[in-house]
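There are 2 protein chains.
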Amino acid sequence: MINQQLLRPESIIVVGASNNIHKPGGAILRNLLNGHYAGQLYAVNPKETEVQGVKAYPTVQDVPTADLAALAIPAAACPDAVETLAEKGVKAFIILSAGFGEETHEGALLEDRIRQAVDAHDAALIGPNCIGLLNTWHHSVFSQPIPPLHPQGVDLISSSGATAVFILESAVSKGLQFNSVWSVGNAAQIGVEDVLAYMDEHFDPEQDSHIKLLYIESIADPDRLLLHASSLIRKGCRIAAIKAGSSESGSRAASSHTGAIASSDSAVEALFRKAGIVRCFSREELTTVGCVFTLPELRGRNFAIVTHAGGPGVMLTDALSKGGLNVPKLEGPLADELKAQLYPGAAVGNPIDILATGTPEHLRLCLEYCEERFDNIDAMMAIFGTPGLVQMFEMYNVLHERMQTCRKPIFPILPSVNTAGAEVADFLAKGHVNFADEVTLATALSRIVNAPRPAANEIELFGVDVPRIRRIIDSIQDDGYIPPYQVQALLRSAGIPVVEEFVSIKKDEILAFARRTGFPVVAKVVGPVHKSDVGGVVLNIKTEQHLRLEFDRMMQIPGATAVMVQPMLKGTELFIGAKYEEKFGHVVLCGLGGIFVEVLKDVSSGLAPLGYEEAYSMIRSLRAYKIIQGTRGQRGVNEDKFAEIIVRLSTLLRFATEIKEMDINPLLATEKHVIAVDARIRIEKNRDSDEEN
Amino acid sequence: MINQQLLRPESIIVVGASNNIHKPGGAILRNLLNGHYAGQLYAVNPKETEVQGVKAYPTVQDVPTADLAALAIPAAACPDAVETLAEKGVKAFIILSAGFGEETHEGALLEDRIRQAVDAHDAALIGPNCIGLLNTWHHSVFSQPIPPLHPQGVDLISSSGATAVFILESAVSKGLQFNSVWSVGNAAQIGVEDVLAYMDEHFDPEQDSHIKLLYIESIADPDRLLLHASSLIRKGCRIAAIKAGSSESGSRAASSHTGAIASSDSAVEALFRKAGIVRCFSREELTTVGCVFTLPELRGRNFAIVTHAGGPGVMLTDALSKGGLNVPKLEGPLADELKAQLYPGAAVGNPIDILATGTPEHLRLCLEYCEERFDNIDAMMAIFGTPGLVQMFEMYNVLHERMQTCRKPIFPILPSVNTAGAEVADFLAKGHVNFADEVTLATALSRIVNAPRPAANEIELFGVDVPRIRRIIDSIQDDGYIPPYQVQALLRSAGIPVVEEFVSIKKDEILAFARRTGFPVVAKVVGPVHKSDVGGVVLNIKTEQHLRLEFDRMMQIPGATAVMVQPMLKGTELFIGAKYEEKFGHVVLCGLGGIFVEVLKDVSSGLAPLGYEEAYSMIRSLRAYKIIQGTRGQRGVNEDKFAEIIVRLSTLLRFATEIKEMDINPLLATEKHVIAVDARIRIEKNRDSDEEN
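Those protein sequence lines, which keep their order, are chains G and B.
Using this note's numbering, count along the first sequence one by one with no gaps and you end on 685.
Using this note's numbering, count along the second sequence one by one with no gaps and you end on 685.
Same shape as in the complex, but just chain G (with noise of 0.2 Å):
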């Protein structure tokens, strides 16, 4: 497990080391150098004796122990020489050697023997399998580029080595700094959730790095991950993410309906939902958003845009109204008085265009009128480019010394990183960022705006009856989906209302509760599977004479055990699901019913359980949302039933985890009241959980 020797070794032996940089245990040992490491360097290779100026051994017998130890050798050779290694004392190993379990099963045996030498030893292993561990500390990485380097700069934690590598390309040229590196390959021991959950036990508010970017590909242990990430944003991180594959398993099997509309991309969307991890789906989205990250918070949705060119201010207003953000109006006599000190011509009405003339000066200006006169105004978006005629040193400074200062955060968009790409260059060297791409900057913001806070994890159990769902669950003998009463039970011992339903063979009774639930109501067949097909159903029955005759008529039906009647309900179809994904636990949707779900895939995902505020942003993040408030002509239903439905739903999850799909379809809704009036729940009880997959 991750300990001090890993992070700040003393001493690094480097195993396979190479005067040839074209080879990993040449560049690793090149990249220690060039990255100053400061502590003491061994080199181990069977043929020389000194190694790009650092004393090499002959085997790993030999060199004196170190803190910790980067293996460059044949993967067959690993085993035995952590185990000398651990036998030594070194307390830290980093194996950037492949051909491991991710290639043949001789490799995960070897894999194996290390882990349990490692283990035993109580020491930490980052791969195999991996480009190494980077940090303000030590460049124990065979890979370039290296990143600017800073404290406060992003921890990058990634699966995937080449990915990191591409990663980093794509940051290095917005001038985004680093503080740590980890590709964390096969993670025989440590995984990504290890290392976030390492950041999170040992948080420090005043010296660590609040900015995390995740690039994931399977999502070993969800809830560690959803624990830590949540755990470090309360602290005050930030924290965004790809979890590649969204796409893979559109065509899985599935039996239900929920079945069909979760893919286990809903897990991950819910997942990162309840953590409060800003989802990306590109390198270029990654790094746009950790430059952000690097920016004094947002407070507000409203954004000033000072330039000296007025198209990219234009495209720049587009793309954030499009992404819920505003670029409100300037004007009256401050905005005058702005105007006044500008050249003639220049706009103030935002974007503010102080012309292609505009001087240093008039940027100072017009920042600090946005950032201490207009108060409708929570952010500023400088756009600064050049075509060549003047050198823009003197613009980036006015930009460089505000940003130093000023509260608000001040987005710099310096679009020329060719013409002026000395002077990008420079302003980047000062620790800054570039957003070289006003669009894709709107884009990445309006993703992080619109992520919402990590949920409080808090269990909701007023009203649910959980010593009665467990009796119901284990009087349950057989897998599958259980009969209707059942069904019934458990939703009502969650205080989920559903609508009355009466079985009966005696046609007395079922008058009797007709008459006393109020006409029209819906008849029903008990006993045929495929009631519709059978004429086994029928709706909006008005009168007690009607009934009596469907009722003489379903008896008749072969199969018919007895006939089931309940009052036929109006409202608008809402739908709420569930389904329990492998080592995720519940994913709940929930939507509009009907085509809204099935053909406009308007549904939104939760991970149970859930509380009030995640019920409330899955509903409000619905497309279709303004149905659920009322439109023109057009009553809303009473979201906070809709809501608490889903959490009182999510309740009886977690403590019926045999429920492994279930749909309400539909649920009701009015103004007044959302009742369930059909429901399905299979449950698995039997079977290793496996199969599932």
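Think of the hints as simulated: they come from the structure by calculation, not from any bench.
C-beta: ideal position from N, C-alpha, C; glycine also.
Misleading hints may appear alongside valid ones.
Pairs of lysine to any residue, SDA-like flavour, derived with a Cα cap of 20 Å [to be verified]:
1) B:LYS523 with B:GLN548
2) B:LYS593 with G:GLN621
3) G:LYS593 with B:GLY316
With the C-beta cut set under 8 Å, the calculated list includes, among others, these residues of chain G facing chain B [as the list claims (entries may be wrong)]:
4) PHE134
5) PRO137
6) SER152
7) GLU209
8) ASP213
9) SER238
10) GLY303
11) GLY377
12) LEU592
With chain G fixed as given, assemble chain B onto it according to the hints.
This is chain B only, laid out in the frame that chain G set:
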């Protein structure tokens, strides 16, 4: 207007030429010289006899005549200079100077004088207030960067000089080559549409560039843009454009339903659809699309991804699927055969992962298999970066060689722009482009693939009674919403099915009508405006007896002049609306009715007149198209009839331009019929159409 002296001047005068390259007059001369302009150069400078080695003359009177003059002198001095030079025989002008119509009224007057002088001498004028014109013949711009030039490169036409410069910045890093860059500035004589018109009218398929990128701030002449853009595309060109300002008009006041939905951006959307222009929203997107345009045209949607790094391949697969593109599984004997030739552990299922250790020969093999053997592959994407151990020259050479001969497009994704900077530069120098971010590429591709082909500009007259339409329109005296019987008559004249209805003050006639069409019927009072509020609308009247009662009751409503009765129809609600947009003509909108239009804003737009192909493309680009097709458990509606009504309506509008706003809402649709149930039409004949805005 555009002439050879502008495009290929034998001689150029730089008026205001300077030794100071930080001034426009110095920078443009430097660019001409650096660009190895082969013609005769003259400078005009009152103080020098030679500027940057070019012979200088004190005034425009003194300088010899030339084909082209580029002016970089104060605005006030321009008209005289232009007049003098035009009289001398100069046939083309580029005016870089600002301070004209874009700033003041006086400036506009100067601009007018210039325009008059230029027109009087049949000369061409670019600007004023622009960066100039750059092509393979002469670099008459004052700006940087100068992109790599090639006769088959991109033609960029921009409303904004600064934006053109920033687009070039974004293009240069991708290796995109240009044939010409036009900055039209104030477009006193030549605007974006004129440049496009010239390119269309003089198009030489052998010699001319096939790629046009546009940045447009306002469309001065939509018809001209449509005509020439679609014509060029039909000739084999590919056009992408940014129209900035898509959000500004959201707040426009509108008196009708359609008015509220149709922003002026619908008109742009409709125009681009009709022309076949790929719409982009950022510089990054425009230049990425431009790069795609340089590759062979895609013939299908199936991609193979070849890489030596897993992560980016997965992200790319996700992004392609999201955009409706496929990464089909490769399997069977052919896949096994390929796999056997790669290193153990390589994957060929697609993405094809040749492993980090994979060789250039492996890449070549994979590309060859994808080109010649796998018949379910239309294009290849190659993701090859490096952590810096080996150089990539050989790998990129394989790409280069295959791209020379391969008929399927190969998309090079080279993420290591820093670490493999030299290799990427070498690859670009061979005339290739680079897509540094795989997801940005996938997004651009999906825009291109999903853009419609240019529409045939047919007008469907079959069954449209144009003389009758004109008689009805001509008979209308007052502006405003026209009465229902005229609405019905207009729709019927266009061959649009309208629900039968009958108005009478005689109960017997009403009853006879209802008996003939069949119950149930709808009855509405005629006279009162807000019928529902006074109880003047009754739906679903099922018996003669009931209709009798309602007739008597309605005739008692104050203001009642008659009763209208129509059959009560059932079906899926559709919506068609239209709005006259200044300069664009009629924008037609279609969608599913009700919440789909009002809440989900799920409408698509087309520009009248519309042919069948366009009508189908509008219908099929609805998010809710599956409802029209029919989904599990729900029948679809007659798409052919829906398309027919769109076409017929657009023809009606073509011959009734006095219709400023209208909607048919609802159109009721079943599998068999689509029929208009209610419609409103607003006519405006008597006002200046400018008042609309």
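Practice task
Would you pick out the hints that fail for this structure and give their numbers low to high?
Solution key: The structure breaks only hint 8.
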